[in-house]
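Visitor: Chain residues, written in single-letter form:
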Amino acid sequence: MSGPTPSLLEIEDLAVGFDTEAGLLRAVDRVSLEIAPGETLGLVGESGCGKSVTAASVLRLVPIPPGQILHGKIRLAGRGDLLGLAPADLGAVRGQEIAMIFQDPMTSLNPVFTVEKQLLEVLRLRFGMGRQSARVRSIEMLRTVGIPDPDARLAAYPHELSGGMKQRVMIAMALLSEPRLLIADEPTTALDVTIQAQILQLIRELQQRTGAAVLFITHDMGVVAEMCDRVAVMYAGRIVERGDAVGLFTRPRHPYTVGLLRSVPREGTARKSELPVIEGAVPSPFASPVGCRFAPRCWKRMTLGDAEQVRCHEEDPALERKADGGVAACHFPVTDDER
Amino acid sequence: MKANADGPLIDVRELKKYYPLRGGIFGKKIGDVRAVDGVSFAVRAGETLGLVGESGCGKSTLGRTVMRLEEPTDGRILFEGVDLTDVAGAELFPLRRDVQMIFQDPYSSLNPRMTVGEIVREPLIVHRVGGRDEQMEKVRALLDTVGLGDETLERYPHEFSGGQRQRIGLARALALDPKLVIADEPVSALDVSVQSQVLNLMGRLQQEHGLTYLFISHDLSVVRHVSDTVAIMYLGRIVEKGPTERVFARTGHPYTRALLDAVPLPDPRRRRAAAPVKGESPSAVSPPPGCSFHPRCPFAVEACTQIVPPLEQFEQVGHISACLRKEEIKEQLGHGAVTGVQPAG
Ligand SMILES: Nc1ncnc2c1ncn2[C@@H]1O[C@H](COP(=O)(O)OP(=O)(O)OP(=O)(O)O)[C@@H](O)[C@H]1O
Ligand code: SF4
Ligand SMILES: [Mg+2]
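Chains as they are written, first to last, in the working numbering: chain L, 1008 to 1346; chain G, 64 to 408.
Since the hints were made in silico from the structure, they are not lab data. Treat the hints with caution; some may be incorrect.
Within a straight-line C-alpha distance of at most 30 Å, the following computed BS3-like cross-link-like pairs (lysine-lysine) qualify [as the list claims (entries may be wrong)]:
1) G:K92 / L:K1124
2) L:K1279 / G:K242
3) G:K393 / L:K1173
Which stretches of chain L does chain G cover? Using the computed rule of at least three CB atoms under 8 Å from a CB of chain G, they are [what the hints assert, rightly or not]:
4) 1034 to 1045
5) 1268 to 1277
Predicted model only: the values in this text are computed from it and were never measured. Using N, Cα and C, we set each Cβ at its ideal position, and we do this for glycine too.
Could you build all of it, start to finish, from the sequences and the hints given here?
Guide: This is the structure:
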């Protein structure tokens, strides 16, 4: 891509917390993101790092309480700050301008309505489409997402469908609305690889046809490589690295990104060899380290001198552009000869 | 009791596990779910057989049947050359020591009301191995082996992360010094950085204790990493089996090819070009006639809809495939559908 395209979605300095028995949990902190039309941004990181909370904030789906938006803005082009939108306008944005697909299809499907009723409703709201043409269009889309005998399936209730089928119906529903932004939160994690490949293909086709922007959340680096133009890596509620996909995979700057990429066995990895690991576990959100949140597990820090290590432990690194062009939150970004 | 020292540790022959399918108002048996439908394999001591396939293909049922948590419908299971198929009840007791299982879900496979110490010690009590002190010593040693300290003894499973719980499961599985460990999706529920910790641990345990693994997984890159031999299952049957490197380099079955092509590579410069294989796995209740993969197979011809392809040698002794057209299409099967380097940005 040449030259900056105006963003469709801009998340600026978002912080989201949850009230818990143990106090306020800062699930997401200082998160800023931008997505341009036609672009796919991957949001990756380990379980609990805040990917879903970030995505849910865009549609104001974070339950409040216990949740609260502590800080930040979420701007959608033409709509302004979504966090300040009136409920009626928010309803129009959801499911029309922005559609969301989840790992669990029952998050979007209504168990008491037939597939037909749910699909037709989307088309009526979004395009004011009449019953007959909406029906034809729905059948077409069900066929496109690989549902055999779509005519008959229209009458089905969600519980009458297999898991894979429900997933496809939810995706059909999202695609039918031709959203400007599609948020996909681990949409294929529960599916078999051959079905996953089909769904990923569908999302790409939609994007090519309509120019939608996609926010793709996953913990699978393979899926990221396959789908995304740009990637943001999250760790313990923060974005720790950001960049275009090729750059991020070939020249990761943050020690955590390097660790994530190394720990998956790949083609060149010798069979039965010891895999590189990131020692330890993600810090508890209530006991975040003061300095760099990754410091307790960081392999790079362990190679540094004492004075430098003190900096890792005491000074929280900001997400910033480094001399070599990468954007990472690390005082001592990984260099070419360390990778 | 070893019948043949050089033979395989476990030898499974034509194993079948059917579940009755009931229907109608009287719940009469109206058919069979053929979860495992004539599966044969053997694993030598100290080696790992990786069993791959998609959800519902029968991998877990196969593991559970070998473990004798399920009664086989037909076929034989030989352990160290001894036929265990008709052994039942108390006579199974020795098998229960030698064969252990670890499960996918570290959250539900551990009793939440028992402490870690009790969980790991329980098999020793059941099998009356040593006295209390001996047992406690063994428990500490086991926890140490899997990288957990003594301070975990009095704590409960919910206090641990997924990776730590999988370690607890491993410690328990190792308590009786088993020979065979059946691992059913042992790392699928874990984050990648934790996955590699557990895989390394399993590898180390294999080396140190000469363990034999039946490693069940849907994740091809993980299976490729840990297995000496891989078997690919589709709808209750093995469709391809062979030495790991061979199967990945000289693939002999269109389903294996489809699986390999469907795995996204962690490299944005090499994206898939081919359209993904169509359709969903058909059900084990009414498998398609002929080759059960034929409705989804890009190479299917008329004959595939009629003839059940036998598992036959493909190119090399020890590599077998159940595809009628394997010889004709082997050049296409050998190459992935990955594109070359794409322009960056
Ligand atoms: N409703 C809630 N109440 C309290 N805490 C919550 C709630 N929802 C999320 N959290 C907490 O916020 C943090 C971030 O959670 P989030 O679901 O965004 O993680 P994630 O990156 O999507 O993880 P995964 O990969 O497991 O889906 C976690 O510590 C989680 O426990
Ligand atoms: S700031 Fe220090 S501890 Fe943090 S990632 Fe960089 S080197 Fe590691
Ligand atoms: Mg999530």
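Visitor: Please go over all the hints and tell whether each is borne out by the structure.
Guide: Taking the hints in turn, this is what the structure says about them:
| no. | hint | in the structure |
| --- | --- | --- |
| 1 | G:K92 / L:K1124 | violated, 36 Å |
| 2 | L:K1279 / G:K242 | holds, 19 Å |
| 3 | G:K393 / L:K1173 | violated, 36 Å |
| 4 | 1034 to 1045 | violated (count 0) |
| 5 | 1268 to 1277 | holds (count 7) |
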